[in-house]
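Got chain A sorted already, so can you dock chain B onto it with the hints?
Read off the chains here:
Number of protein chains: 2
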Amino acid sequence: MTFSLKNKDPKSEARVGLLATKSGEIETPVFMPVCTKGTPKGLSTNNLKDLGFDMVVANAYHLFLKPGHVNVKDYGGLHSFMDWDRSILTDSGGFQVYSLSPSAKISDDGVSFKSFLDGSVNFISPELSIEIQEYLGSDIMMIFDDCPKPDSDYSRVLESINRTKEWANRSKKARKSDSKLFGIVQGGIYEDLRKTSLDHMLEIDFDGYAIGGLGLGEGQDKTYNITEQVCTMLPKDKPRYSMGIGKPEDIINSVERGVDIFDCVVPTRNARNGTLYTKDGKINIKNSTYNMSDKLIDDDPNHPCFGYSIGYIRHLYTSKEISALSLMTMNNLYFYKQLIESIKKSIKDGKFIDFKRNFLERYQNESN
Amino acid sequence: MTFSLKNKDPKSEARVGLLATKSGEIETPVFMPVCTKGTPKGLSTNNLKDLGFDMVVANAYHLFLKPGHVNVKDYGGLHSFMDWDRSILTDSGGFQVYSLSPSAKISDDGVSFKSFLDGSVNFISPELSIEIQEYLGSDIMMIFDDCPKPDSDYSRVLESINRTKEWANRSKKARKSDSKLFGIVQGGIYEDLRKTSLDHMLEIDFDGYAIGGLGLGEGQDKTYNITEQVCTMLPKDKPRYSMGIGKPEDIINSVERGVDIFDCVVPTRNARNGTLYTKDGKINIKNSTYNMSDKLIDDDPNHPCFGYSIGYIRHLYTSKEISALSLMTMNNLYFYKQLIESIKKSIKDGKFIDFKRNFLERYQNESN
Numbered sequence: 054m055t056f057s058l059k060n061k062d063p064k065s066e067a068r069v070g071l072l073a074t075k076s077g078e079i080e081t082p083v084f085m086p087v088c089t090k091g092t093p094k095g096l097s098t099n100n101l102k103d104l105g106f107d108m109v110v111a112n113a114y115h116l117f118l119k120p121g122h123v124n125v126k127d128y129g130g131l132h133s134f135m136d137w138d139r140s141i142l143t144d145s146g147g148f149q150v151y152s153l154s155p156s157a158k159i160s161d162d163g164v165s166f167k168s169f170l171d172g173s174v175n176f177i178s179p180e181l182s183i184e185i186q187e188y189l190g191s192d193i194m195m196i197f198d199d200c201p202k203p204d205s206d207y208s209r210v211l212e213s214i215n216r217t218k219e220w221a222n223r224s225k226k227a228r229k230s231d232s233k234l235f236g237i238v239q240g241g242i243y244e245d246l247r248k249t250s251l252d253h254m255l256e257i258d259f260d261g262y263a264i265g266g267l268g269l270g271e272g273q274d275k276t277y278n279i280t281e282q283v284c285t286m287l288p289k290d291k292p293r294y295s296m297g298i299g300k301p302e303d304i305i306n307s308v309e310r311g312v313d314i315f316d317c318v319v320p321t322r323n324a325r326n327g328t329l330y331t332k333d334g335k336i337n338i339k340n341s342t343y344n345m346s347d348k349l350i351d352d353d354p355n356h357p358c359f360g361y362s363i364g365y366i367r368h369l370y371t372s373k374e375i376s377a378l379s380l381m382t383m384n385n386l387y388f389y390k391q392l393i394e395s396i397k398k399s400i401k402d403g404k405f406i407d408f409k410r411n412f413l414e415r416y417q418n419e420s421n
Numbered sequence: 054m055t056f057s058l059k060n061k062d063p064k065s066e067a068r069v070g071l072l073a074t075k076s077g078e079i080e081t082p083v084f085m086p087v088c089t090k091g092t093p094k095g096l097s098t099n100n101l102k103d104l105g106f107d108m109v110v111a112n113a114y115h116l117f118l119k120p121g122h123v124n125v126k127d128y129g130g131l132h133s134f135m136d137w138d139r140s141i142l143t144d145s146g147g148f149q150v151y152s153l154s155p156s157a158k159i160s161d162d163g164v165s166f167k168s169f170l171d172g173s174v175n176f177i178s179p180e181l182s183i184e185i186q187e188y189l190g191s192d193i194m195m196i197f198d199d200c201p202k203p204d205s206d207y208s209r210v211l212e213s214i215n216r217t218k219e220w221a222n223r224s225k226k227a228r229k230s231d232s233k234l235f236g237i238v239q240g241g242i243y244e245d246l247r248k249t250s251l252d253h254m255l256e257i258d259f260d261g262y263a264i265g266g267l268g269l270g271e272g273q274d275k276t277y278n279i280t281e282q283v284c285t286m287l288p289k290d291k292p293r294y295s296m297g298i299g300k301p302e303d304i305i306n307s308v309e310r311g312v313d314i315f316d317c318v319v320p321t322r323n324a325r326n327g328t329l330y331t332k333d334g335k336i337n338i339k340n341s342t343y344n345m346s347d348k349l350i351d352d353d354p355n356h357p358c359f360g361y362s363i364g365y366i367r368h369l370y371t372s373k374e375i376s377a378l379s380l381m382t383m384n385n386l387y388f389y390k391q392l393i394e395s396i397k398k399s400i401k402d403g404k405f406i407d408f409k410r411n412f413l414e415r416y417q418n419e420s421n
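Here the protein sequences line up with chains A and B, keeping their order.
Quick note on the numbering used here: the first sequence kicks off at 54 and runs consecutively.
Quick note on the numbering used here: the second sequence kicks off at 54 and runs consecutively.
Okay, chain A solo, but in the shape it has when bound (with noise of 0.2 Å):
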């Protein structure tokens, strides 16, 4: 089995579960911290180790493009380049090749765009996708999937949802190693295409389900109401990721409707500028209220930042030093690892929803 349910908390849907990939056991909810290029911004991989993530999700698209996928095959794979030997979720790069492109022109092959690098015109089809994905040496794998802008109309997303289901028949036939392989349901802000696609999804079969497409604009009562919706529909025996979410609140919130895995380049890109994350809300350490302040950035003698002040981390930030960046990322994504820990106790012992109340009433208190 690639995946097993090991608790349920008794008033949600909330859930810990052990995902099996080749790479090793992943005790679920986990949170994988963006290695786009092969590296966490701001940290090295050692230092994700000594932070106790088991999966980090990288880009076919970012490594396709640099530093191309058949060198890094080459070279020994991902895993080996990144010496990384935990987990290693790749994103198809579906979603990249508009988001980075915007003059992306998309058929039923596949995509053409121009590089965000250095303009050169490139084409991804689902198969190259998939041997993008295999070249890396990937854990898990994402379907090539037709993901349109979050504004789109439904003629558009009614469209992308049928692309996406060939694109993942493909993206199937396509696989020639032993890498476990996602299938993504997108459907933007609309039920019915959303739960279209999920059919879709469920028919080809795969051994896990994303949702695609969200955090993206749509506003978060419905990226939770999307989240219901389709966590609802899918089989209890595979696990669910939501695909870029996202802030505390967004993972918790989605926990609770029974999401497994997720990703977010929150925790690292605020770091950069400039909010730290702590039990007791955001900081944001440009502000001048935190000018010397000799309040330290955590209490616990086990944070990796112990002993360092939000005011020397400010004189860090303004002061334009590396290490300030690099210690709040470090911060951040301690937080973001110390949240999940602290869920999945909480799901073990059937306290998920009071856990919720709790941590929310303190982190939501003012400084949000």
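Don't take every hint at face value.
With a cut-off of at most 25 Å between alpha-carbon atoms, the simulated BS3-like pairs for lysine-lysine come out as follows [stated by the list, open to error]:
#	chain 1	residue 1	chain 2	residue 2
1	A	K102	B	K94
2	B	K373	A	K373
3	B	K158	B	K225
4	A	K94	B	K348
5	A	K300	A	K102
FYI, nobody ran anything at the bench for these hints, they're computed from the structure.
Chain B alone, transformed into the frame defined by chain A:
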């Protein structure tokens, strides 16, 4: 005693000593990573602890301008601010007021200069420099010196050593704490002026003596000759500090002539410019030879970057990832720490000259 000699190499002036500050004991020769603004560039003070460094150098000029020495004092001092309980040597700012403020105006009172941060006009006297360093809580302070450009003519250098003598006297008088205070021998490339400046410093009497104005383009031969000349005349029972020195070969040649303390931006700055220091010489990571190279950055399992290849680091560097800068800085500072450890061991074993020959033969083989 502030300083005691432990071992002396039989065939050179190289020596191992023990330097005591209020923060701890330091075995010399010692290399101090540069923490100009209160952090090493590219890493955190925690990383320096992990790397085993005992002392860092911070800068009175930079910390006076931002966040302000009064602020640091109110905070509880620089050790507390940086979360660094080991020793801190502070430079007096004498060098920086010139090198960073081209329009600096010097008088016998002190130096007025425009802040490199915001253009505001500031004034530093010997008395203020000592106040700044004492407010920071420095373990070893430097006198405020007049440090003319390396290509200055004889009369300007003569003026500078006389002014430095006055300022050295005023610096010593201004000291209110039990922090150690080091004199600085100036004199440029002029042997007689070096001798006069040295006599000035010995007459005033300090806890240790620095050689200033070296490594500023005078050429390696002159650096070594001046170092030898000054060291020969310095008392054996006081520590000697070669300011801003240097490259690995410069450190070795200076140790050979009797220098105990070093600091230099080379390992950290060159890391950010793409240079890796290895036992086989320097590597320019931007060189396409290293594209996808699977050669490990170091095959020592204790190396802090063990597992990462030169090709991977090159990928991160050319992808402008912060982790490239941190890992390369880590590598270079580890290289410097290992160099110093090997130097100390070779002196204790009475084999410094053998070590020097073997190290330089390998290091300067071809890549350099």
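Legend entry - Straight-line alpha-carbon gap K102(A) to K94(B), limit 25 Å: Roughly 23 Å separates the two Cα atoms, so the pair holds.
Inset, instruction - Below or equal to 25 Å on CA atoms is what counts here, so check K158(B) against K225(B). - result: Holds. K158(B) to K225(B) sits at ~23 Å (cutoff 25 Å).
Inset, instruction - Decide if the proposed pair is consistent with the structure: K373(B) and K373(A), CA atoms, cutoff 25 Å inclusive. - result: The given pair, whose Cα atoms are some 16 Å apart, holds under the 25 Å limit.
Inset, instruction - Would you check the hint for K300(A) and K102(A), treating anything up to 25 Å between C-alpha atoms as holding? - result: Given pair K300(A), K102(A) holds - Cα atoms ~22 Å apart, limit 25 Å.
Inset, instruction - With a cut-off of 25 Å on the C-alpha distance, tell me whether K94(A) and K348(B) pass. - result: With a Cα-Cα distance of about 23 Å, the restraint between K94(A) and K348(B) holds, given a limit of 25 Å.
Taken one by one, the earlier hints all hold for this structure without exception.
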